[in-house]
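Visitor: Residue strings, one per chain:
There are 2 protein chains.
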Amino acid sequence: MKLMFLGFGTVGQGLAELLIRKKALLAKQYGLKPVVVGIADFLKGSVYNPKGIDLKKALAYAKEGRKLSELPGTPFEGDALSFVKKVNADVMLEVTYTDIKTGEPATSHIRAALNKGMHVTTTNKGPVALNHASLQRLAQRKGVQFLFEGTVVSGTPLINLIRDTLAGSEIKEIKGILNGTTNYILTKMEEGLSYETALDKAQKLGYAEAVPDADVKGWDALAKVTILAGVFFGAKGKPSDYSCRGITKITSADIAKAKKAGKRYKLIGRIWRQNGVVKASVSPKQIDLNHPLAGVGGAANALTVTTDTLGDVTIVGPGAGRIETGYSLLIDLIKIGGGV
Amino acid sequence: MKLMFLGFGTVGQGLAELLIRKKALLAKQYGLKPVVVGIADFLKGSVYNPKGIDLKKALAYAKEGRKLSELPGTPFEGDALSFVKKVNADVMLEVTYTDIKTGEPATSHIRAALNKGMHVTTTNKGPVALNHASLQRLAQRKGVQFLFEGTVVSGTPLINLIRDTLAGSEIKEIKGILNGTTNYILTKMEEGLSYETALDKAQKLGYAEAVPDADVKGWDALAKVTILAGVFFGAKGKPSDYSCRGITKITSADIAKAKKAGKRYKLIGRIWRQNGVVKASVSPKQIDLNHPLAGVGGAANALTVTTDTLGDVTIVGPGAGRIETGYSLLIDLIKIGGGV
Numbered sequence: 012m013k014l015m016f017l018g019f020g021t022v023g024q025g026l027a028e029l030l031i032r033k034k035a036l037l038a039k040q041y042g043l044k045p046v047v048v049g050i051a052d053f054l055k056g057s058v059y060n061p062k063g064i065d066l067k068k069a070l071a072y073a074k075e076g077r078k079l080s081e082l083p084g085t086p087f088e089g090d091a092l093s094f095v096k097k098v099n100a101d102v103m104l105e106v107t108y109t110d111i112k113t114g115e116p117a118t119s120h121i122r123a124a125l126n127k128g129m130h131v132t133t134t135n136k137g138p139v140a141l142n143h144a145s146l147q148r149l150a151q152r153k154g155v156q157f158l159f160e161g162t163v164v165s166g167t168p169l170i171n172l173i174r175d176t177l178a179g180s181e182i183k184e185i186k187g188i189l190n191g192t193t194n195y196i197l198t199k200m201e202e203g204l205s206y207e208t209a210l211d212k213a214q215k216l217g218y219a220e221a222v223p224d225a226d227v228k229g230w231d232a233l234a235k236v237t238i239l240a241g242v243f244f245g246a247k248g249k250p251s252d253y254s255c256r257g258i259t260k261i262t263s264a265d266i267a268k269a270k271k272a273g274k275r276y277k278l279i280g281r282i283w284r285q286n287g288v289v290k291a292s293v294s295p296k297q298i299d300l301n302h303p304l305a306g307v308g309g310a311a312n313a314l315t316v317t318t319d320t321l322g323d324v325t326i327v328g329p330g331a332g333r334i335e336t337g338y339s340l341l342i343d344l345i346k347i348g349g350g351v
Numbered sequence: 012m013k014l015m016f017l018g019f020g021t022v023g024q025g026l027a028e029l030l031i032r033k034k035a036l037l038a039k040q041y042g043l044k045p046v047v048v049g050i051a052d053f054l055k056g057s058v059y060n061p062k063g064i065d066l067k068k069a070l071a072y073a074k075e076g077r078k079l080s081e082l083p084g085t086p087f088e089g090d091a092l093s094f095v096k097k098v099n100a101d102v103m104l105e106v107t108y109t110d111i112k113t114g115e116p117a118t119s120h121i122r123a124a125l126n127k128g129m130h131v132t133t134t135n136k137g138p139v140a141l142n143h144a145s146l147q148r149l150a151q152r153k154g155v156q157f158l159f160e161g162t163v164v165s166g167t168p169l170i171n172l173i174r175d176t177l178a179g180s181e182i183k184e185i186k187g188i189l190n191g192t193t194n195y196i197l198t199k200m201e202e203g204l205s206y207e208t209a210l211d212k213a214q215k216l217g218y219a220e221a222v223p224d225a226d227v228k229g230w231d232a233l234a235k236v237t238i239l240a241g242v243f244f245g246a247k248g249k250p251s252d253y254s255c256r257g258i259t260k261i262t263s264a265d266i267a268k269a270k271k272a273g274k275r276y277k278l279i280g281r282i283w284r285q286n287g288v289v290k291a292s293v294s295p296k297q298i299d300l301n302h303p304l305a306g307v308g309g310a311a312n313a314l315t316v317t318t319d320t321l322g323d324v325t326i327v328g329p330g331a332g333r334i335e336t337g338y339s340l341l342i343d344l345i346k347i348g349g350g351v
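Residue numbers (the working numbering), protein chains in the order written: chain D, 12 to 351; chain S, 12 to 351.
For reference, chain D alone in the conformation it holds in the complex (with noise of 0.2 Å):
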């Protein structure tokens, strides 16, 4: 199995990390002997090898500041889309930054891979909030598969847990908890911290950016919405057709006043039917304690997935990190290779 890489970032070098460290076990335990043929980053630089480059010094190379462009292989000069034209792989790993607003580059590289026969793999919001449907139709013609686990949740396995281990069932909701840093913020207030400072925290802990707007009002969390809408409801909406609140209002008098009456505020994403039309929106909600999405603390994700023959089921992970988001990719990786 030959991979590309467009992106070595944090998420790709975490799956770069997991390839290392779990090459023996892929190979034993489902056949899996992937091999990266070609790597590109718009910062690092880029290189193609069909004999197979070195991870271990990728990462290294990557760390130490030093382009890629100079591991053994071919350079590569211009862009990631003229990259995945030249490149010739078995699957192309889109890793690159998100857009929400365009969706660009990454729906364009995806398609020139699809197109040329390659599965995908992506951790990036954009291309399947925007252009799921159309994007699946192509795969589906092409005879392969996109797959997208890494775009809700990190890696914690609610793509595949709604589409395999719930097969055959009626989704009727999905509600829950797709931010870490909001719910980070708010656990943090319900300890007595102000909005301010709890904010102030959670961007020295680097949970929060400088300009905290994608999360804080609760565009990160839509566009997570957005994604489950089309996958799973079938809706056409994009982000900016749903309902978007995020928790820039809530103050610490109102999370006094919930816990009162044993309720506890969380940012709550939310898709449902209502009269045979998809809804969809983000916004704060006060849960009762005894529900599962209320124990969801500090910077962790959960979901709540109502149906017909289990009635709710919530799983909980990280909705976060180097490693985890990686492994959203090698279980994907580990699916396209048909060992699940």
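Note that these hints are calculated values from the structure, not bench results. Zero decoy hints are in this set.
Note: identical chains are not told apart, hence a pair may lie in one copy or across any two.
Using 25 Å as the maximum straight-line C-alpha spacing, the simulated SDA-like pairs for lysine to any residue come out as follows: (1) Lys268 to Asn301; (2) Lys97 to Thr85; (3) Lys153 to Gly350; (4) Lys212 to His302; (5) Lys13 to Pro116; (6) Lys247 to Asp319; (7) Lys183 to Ala35; (8) Lys271 to Leu300; (9) Lys290 to Gly248; (10) Lys268 to Asp299; (11) Lys44 to Glu181; (12) Lys271 to Asn301; (13) Lys34 to Phe243; (14) Lys247 to Arg174; (15) Lys34 to Thr317; (16) Lys44 to Asp319; (17) Lys270 to Leu300; (18) Lys39 to Ile347; (19) Lys34 to Asp323; (20) Lys39 to Gly245; (21) Lys212 to Glu202; (22) Lys34 to Gly287; (23) Lys39 to Ala150; (24) Lys270 to Gln297; (25) Lys247 to Arg152; (26) Lys68 to Asp319; (27) Lys183 to Glu28; (28) Lys215 to Thr109; (29) Lys74 to Asp319; (30) Lys183 to Arg32.
With the hints as your guide, set chain S onto chain D.
Guide: Relative to chain D, chain S alone:
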């Protein structure tokens, strides 16, 4: 796909209902057209019909207390083991009664079916807790599948979650709430009831048996712990090899004391490795209120799986129920049929 039911009690009827309700979906989405060619039930009588048994009629007969042997087809006299040897099918569904001490007669039924080259799915804890390894080897030798999603937390897809959607991960520890009855009693005790009153309530609701030992002494949880230890840790222990303490000695005072310390009592089944040796136990533990398991109230079940790739992943769902447990067989059938 020709199916044979051994046992047509609550769980078997739950699956039958799902097969009727989901007939169109199974055909369309998974190319699955199951036909039931035989039903053997100790109390309700046995029948086989290579052309297919009308499941609606079978359910109606069971409801009205009529003998299944009166259904169109050939009535069968004799025990379930002779039935397996006589009737041909692709998949045998073993849902007879559980004997956790001997695993019989279910183990013999399963062995006979596997030997005939049938796939087997079961919700019966006995054979899996006591004979998982040898049955799995037999299935492998015969080129068929032996599945048992419903033996732990009913249809909540724990087994498939670990085996498929966490593929490639090292499982370091599994711990959780494996018995809904005791969890209900502990929840009610925290609300102020005494152990005796809470047990009485659980009995009136049908959660606990008149002789509640299997639940309150932890034996039911222990059987599930033994299954998980065997399946995911390769342990060879029998239930009696592991330590087991139930909830009978937990007092209201204990619970109040835990509550004061920000904790909550749960009956926890746990499997882990210590110096390379697999350990397993069932005992009441004080769980921190910020742990996802603490938020699991009432009759729900939940397990936290600790992995090398994602850290902790927790799944919460129903641990019992007619349709819920019937669904565990359906998902196994979809798997056998190659649908997932």
